[in-house]
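J.: Residue numbers (the UniProt record's numbering), protein chains in the order written: chain A, 1 to 517; chain B, 1 to 324; chain C, 1 to 319.
Some hints could be false.
Per label pair, the in silico range of CB-to-CB distance [what the hints assert, rightly or not]:
| no. | chain 1 | residue 1 | chain 2 | residue 2 | range |
| --- | --- | --- | --- | --- | --- |
| 1 | C | Ser237 | B | Lys190 | 34 to 44 Å |
| 2 | B | Tyr146 | A | Arg381 | 45 to 55 Å |
| 3 | B | Ala241 | A | Ala81 | 55 to 65 Å |
| 4 | A | Gly19 | B | Leu38 | 56 to 66 Å |
| 5 | B | Arg216 | A | Ser401 | 29 to 39 Å |
| 6 | A | Ala456 | B | Arg216 | 37 to 47 Å |
| 7 | B | Arg161 | C | Ser237 | 26 to 36 Å |
| 8 | C | Met255 | A | Glu201 | 47 to 57 Å |
| 9 | C | Ser237 | B | Leu38 | 29 to 39 Å |
| 10 | A | Leu378 | C | Ala281 | 50 to 60 Å |
| 11 | C | Leu90 | B | Leu176 | 53 to 63 Å |
| 12 | C | Ala167 | B | Arg161 | 22 to 32 Å |
| 13 | C | Leu308 | A | Glu217 | 47 to 57 Å |
Not everything, but these chain A residues come out facing chain B in the computed CB check (under 8 Å) [unchecked claim]:
| no. | residue |
| --- | --- |
| 14 | Pro335 |
| 15 | Leu355 |
| 16 | Pro371 |
No lab work stands behind these hints: they were computed from the structure.
Just so it is clear, CB atoms sit at the ideal spot from N, CA and C, and this is done for glycine as well.
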Amino acid sequence: MDATYAQEGHRRPLLAAGGIVKRFGGTLALDRADLACFPREIHALHGANGAGKSTMVKILSGIFAPDTGTITLRGQPVSFANPREAASHGIGTVFQELSLFAHMTVAENVMIGREPTGLLGRIASGKLRRDVQILLERLKITHLDPDAMVADLSLADRQLVEIAKALAGDPGVLILDEGTSALAPREVDRLFAILRHLRLEGRAVIFISHRMAEARELVDRVTIFRNGQSVVTAPMQDLDDEAIVEHMLGRRVEQSFERKAGVPPSVTPLLRARGLTVADRIKDLDLTLEAGEVVGLGGREGQGQGDLLLALFGAYRRLGGRIECRGQPIRTGTPWRGKAAGIALIPEDRKVQGLLQPMGILPNLTLATLPRFARHGLINRGQEDALAGNLQDRLAIKAASLRLPVRSLSGGNQQKVVLAKWLATGADIFLFYDPTRGIDVGTKQSFYRLIEELAATGKAVLLYSTETAELVGLCHRVLVMNDGRITAELKGDGLSEAAIIQAGASAGVASPERALH
Amino acid sequence: MNATLQGRRSSPALLIAEHSVLVAYILLLLLVGVAIALNPAFGSLGNLKAQLLIASFVGIIAIGQTFVILTGHIDLSVPWNLTFSAILAATCYANGYGIPAAFGLGIGFGALVGAFNAVGVAIFRVHSLVWTLATNALLQGLALLYINGQPPRSTIPPFWRDMVTGDVGGLPMAALLWLVLAVLTIVVLKRTSFGRKVYATGTNETAAFLSGIDTRLVYLTVFIISGASSAVAGLLLTGYASQTYLGMGNDYLLVPIAAVIIGGTSVLGGTGGYVGSIAGTLMVVVLQAVLSTAQIGQAGKNIIFGGIILLLVLLYGRAARVND
Amino acid sequence: MILTRYRPALLALIGLPLIIILYWTQQPLILSSFGARILANQGTTLALAAMAQMAVVLTRGVDLSVGAMVGLSNAIAATYMGDSLTSATLTIIAVLLIGTAAGALNGVIVAVGRIQPIIVTLASLYIYGGLALLVLPEPGGSVPDWFATGLTDSTGPVPNGLIFLLAVIFLVWLPIMSSRLGRSIYAVGDNEGAAYVSGLNVVRAKIVAYAMSGLLAALAGLFLTAQTTSGDATIGSGYTLNSVAAVVFGGVPLMGGRGVVLGPVLAAYFLSIIVSVLFAAGISPFYQSVVQGGLLIIVLAAGSYRALSSPNWLQVLRA
Chain A
1 MDATYAQEGH RRPLLAAGGI VKRFGGTLAL DRADLACFPR EIHALHGANG AGKSTMVKIL
61 SGIFAPDTGT ITLRGQPVSF ANPREAASHG IGTVFQELSL FAHMTVAENV MIGREPTGLL
121 GRIASGKLRR DVQILLERLK ITHLDPDAMV ADLSLADRQL VEIAKALAGD PGVLILDEGT
181 SALAPREVDR LFAILRHLRL EGRAVIFISH RMAEARELVD RVTIFRNGQS VVTAPMQDLD
241 DEAIVEHMLG RRVEQSFERK AGVPPSVTPL LRARGLTVAD RIKDLDLTLE AGEVVGLGGR
301 EGQGQGDLLL ALFGAYRRLG GRIECRGQPI RTGTPWRGKA AGIALIPEDR KVQGLLQPMG
361 ILPNLTLATL PRFARHGLIN RGQEDALAGN LQDRLAIKAA SLRLPVRSLS GGNQQKVVLA
421 KWLATGADIF LFYDPTRGID VGTKQSFYRL IEELAATGKA VLLYSTETAE LVGLCHRVLV
481 MNDGRITAEL KGDGLSEAAI IQAGASAGVA SPERALH
Chain B
1 MNATLQGRRS SPALLIAEHS VLVAYILLLL LVGVAIALNP AFGSLGNLKA QLLIASFVGI
61 IAIGQTFVIL TGHIDLSVPW NLTFSAILAA TCYANGYGIP AAFGLGIGFG ALVGAFNAVG
121 VAIFRVHSLV WTLATNALLQ GLALLYINGQ PPRSTIPPFW RDMVTGDVGG LPMAALLWLV
181 LAVLTIVVLK RTSFGRKVYA TGTNETAAFL SGIDTRLVYL TVFIISGASS AVAGLLLTGY
241 ASQTYLGMGN DYLLVPIAAV IIGGTSVLGG TGGYVGSIAG TLMVVVLQAV LSTAQIGQAG
301 KNIIFGGIIL LLVLLYGRAA RVND
Chain C
1 MILTRYRPAL LALIGLPLII ILYWTQQPLI LSSFGARILA NQGTTLALAA MAQMAVVLTR
61 GVDLSVGAMV GLSNAIAATY MGDSLTSATL TIIAVLLIGT AAGALNGVIV AVGRIQPIIV
121 TLASLYIYGG LALLVLPEPG GSVPDWFATG LTDSTGPVPN GLIFLLAVIF LVWLPIMSSR
181 LGRSIYAVGD NEGAAYVSGL NVVRAKIVAY AMSGLLAALA GLFLTAQTTS GDATIGSGYT
241 LNSVAAVVFG GVPLMGGRGV VLGPVLAAYF LSIIVSVLFA AGISPFYQSV VQGGLLIIVL
301 AAGSYRALSS PNWLQVLRA
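Work the whole structure out from these sequences, hints included.
T.: Structural data, given as structure tokens:
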């Protein structure tokens, strides 16, 4: 590979972003943030959800243009009008939301836009395939067939394809934005070996991951973002985990969670699922939720946690097994049946699944409860206003007027609107899908209080979170999922972040499908 | 980050988009002014009544299209649904079944076609554009078969015509009917839970569905409304022309869609309403009259209408950028 | 693996021989060189129109103006070709350029203006249709004999129409679609966001797809002119729906990103022949629309197998 990167002076950053400001509608995503990485460096970028990491990645990759600020590459100022220009400057990115084409093969995906061509620009498909084969072998991703359709791959394999795709461009700077969440430990080790090799070649790697502990030995320097600002950049060995978290949150971390006493099982739990089976996502799963209980779902990403929430709520139209609420079997298969049974879902993607972004806050708050104040279909505006005002006060939703479009609210307040909509229905089973993703720290705390309040008032909560700390802090029990099954139940003293990660990882290695590779 | 409500950016395009209904009415007034300037006779009471009569056919179809377009879809089966419903009603009447049965059959058939459209959209999840286009072709074939290729029998009684063109309180009957249906439409869209569901479905079907709204029922209802309004327009046109004829619906596909879009309803669904569509309807009718006065033939009219639609969607029908 | 890409075309691949056999039982003559010429001439216009439609459908769009562009090409060709070689050649070049420009204009409005393809091409359907009427208000015009026979006669046993179609496929379609540009057209239809972040030029891919659509529609219009030896501004109107039908029937999903050209081409011949079969069987020609509309409805409904079989509502709904 190219040795020029190695010859560059060590003190000049390979890629540097300075004073970056980026605003989206009502929110300031980046507020004069800096980030610089040197050749021969693996640079970790840490920050709480919503701190602006992904926005920075997208600016460095040419997806967003910064409002103000500069980007320099080997000391030269650059600006990327689009991802194409960033790539041509040697920046390769592994995106959090994968950028793959489902109906193309692995080989076609890896080489998209840089296919080898022959006479008259015709793609040389034989050479394409061979090139990819060689690349995959070099990356020791030997179990992937270059001719396999991406649509048929697991999430972990897709992440591997995404990584190979970023590396196919032979980038001088590789950026990984959470592209490893579904990988099994062995695959993570392999990835880390690749990253070390890139470093050896004089390249730079910017690495974002929740796997802070795992990455510690790999990383040279770390930058921490908080609320859109870069608060510290330091050599990795100068910061212990506690200090990193402290910088991320901007205060000393006090264990703000109280250890929860378990809720004893009862004869008729609020929710009981038996033999729940959904396509190939959930496999013969049993689950109970007691009134007053907060149950967590953990494990690596994409192991069926989200599907379980969707299935219980009714977003899967066909499922096997039975679901009982308060001892009575319920009809499933549509959201309105779930709603009638008193189940509420706070979905994964509040933009696409939770809210009508351009519509007002008011119609969003009352969307699930229209029949309550509509007589013969005619909406009683007085009653609607009263209900909405009531909800706004109860959840302290910060909005100048409920007539404003919901997209004018900050992420945290938007999420409150989603929750308020379901509180209004009188639901007593709340399913949360990573509810604090992309929410600022302050609102996060108030969300935790809300979840605890729900439990205190006799409701049941099932919470899937990608932040293990959240699970440990909030839940009475945590169920760890692997490949559509619950493989571990952690509670009492056995419940810790380490135990959750361990349970998610170890079962991953033992799973039969992985053993095949 | 606090929940600051950021000051709105204002660009001319955005300003027009946000006040599209107002813009539509201002343009309407300007256009009427132009029409009268070109041809003073345009402003005569008789002519205004005649224009209003034509507008009521377009406006009633625009009711259905407004509902459908608000959900983010489109109904291209209007021309032959209108024609076939009218032929069925006329034949039914000719066979001695009386007006109520004839109208009931026509409107019922139109509604049935709407339901069929909804099945394709809501159950089979085919885009309405392709599905309703196919429905239109199917209806064309069925209509030809039904009349066996002969010009349809036209025994339209004078009172059928009177029911359309007759004068009540200075207004043509058809215009009165349009007025009643228009008020009803506005109330349904703005004041009822069904109207709210239409907007919710058009804004974001997934979010509406996950809030417990059966969006399939919303689609079913809006397409039935569209089918029925096509049929009503067909019955009115039959009375107006005192006959049914093949191709009577041909001019009623693009013009009502243009009316809805000119009135500020976004083809992406979720924003707009019938108040704007009324202005849009009046505008396209006046525009047609102006073009006719200016001796511009059908070809020129088609080009101008197509151009206007393109211009307006460029102003307020644009999708978000990929990187937004 | 690569063969799986041809699987969606299977329906057309099986359907076409079956319908030809059925036709043959009624009209044994069609398996002669004369019959082959008839078959080719009947289907080639639609096959080209189907390719025009497919180019746009691959990007997850739809082109309602295909029929109007066919009609416009027909009107221009029949009006201006005249008798001399020069005028005819210049007219052919002009038709191809105008078609490509008309398609590209659709593409620019869709890609740069970010407007739904449906509404853009619905509007341009009226614009191009209106232009065709301005060029040729009444059916008429004429074409040189050599042009008509050159495209519709046979060379030995092989119909010239088929040679023309294969030439278009091998000289226009395949070179473009098997280049990086073609791959980016598929990529945009598969996942537009991913195409953008992968550094592909999304705008260019779309404009090229629409321009191809215009070019192929112009070629369809030229062939139609040779076949009918006259012009009619409204003659193209049926090709919009039928081209969509051929695309869907040929296994190209309207969701874009997938499909091989073989499917729509075979499906186009199938749809053209089925009309002749009905006619030959003495069934009223009024059934033509019923059969074409009905077939499209059935194929669309059957093609929604995925929507019906997906257990997850969220994969079915529109955001």
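J.: Against this structure, judge whether each hint is valid.
T.: Structure-based check of each hint:
1. C:Ser237 / B:Lys190: 34 to 44 Å: 38 Å, holds
2. B:Tyr146 / A:Arg381: 45 to 55 Å: Holds, since Tyr146 of chain B and Arg381 of chain A (Cβ atoms, about 48 Å apart) stay within the stated range.
3. B:Ala241 / A:Ala81: 55 to 65 Å: Holds - the Cβ-Cβ distance for Ala241 of chain B and Ala81 of chain A, about 58 Å, lies within 55 to 65 Å.
4. A:Gly19 / B:Leu38: 56 to 66 Å: 59 Å, holds
5. B:Arg216 / A:Ser401: 29 to 39 Å: 33 Å, holds
6. A:Ala456 / B:Arg216: 37 to 47 Å: 38 Å, holds
7. B:Arg161 / C:Ser237: 26 to 36 Å: 31 Å, holds
8. C:Met255 / A:Glu201: 47 to 57 Å: Hint violated: Cβ distance 41 Å, outside 47 to 57 Å.
9. C:Ser237 / B:Leu38: 29 to 39 Å: 32 Å, holds
10. A:Leu378 / C:Ala281: 50 to 60 Å: Holds, at about 57 Å.
11. C:Leu90 / B:Leu176: 53 to 63 Å: With a Cβ separation near 58 Å, Leu90 of chain C and Leu176 of chain B satisfy 53 to 63 Å, so the hint holds.
12. C:Ala167 / B:Arg161: 22 to 32 Å: Taking Cβ atoms as reference, Ala167 of chain C and Arg161 of chain B lie about 58 Å apart, which means the hint is violated.
13. C:Leu308 / A:Glu217: 47 to 57 Å: 51 Å, holds
14. Pro335: 5 Å, holds
15. Leu355: 6 Å, holds
16. Pro371: 7 Å, holds
In summary, the structure is inconsistent with hints 8 and 12 from the numbered list given earlier, while agreeing with the others.
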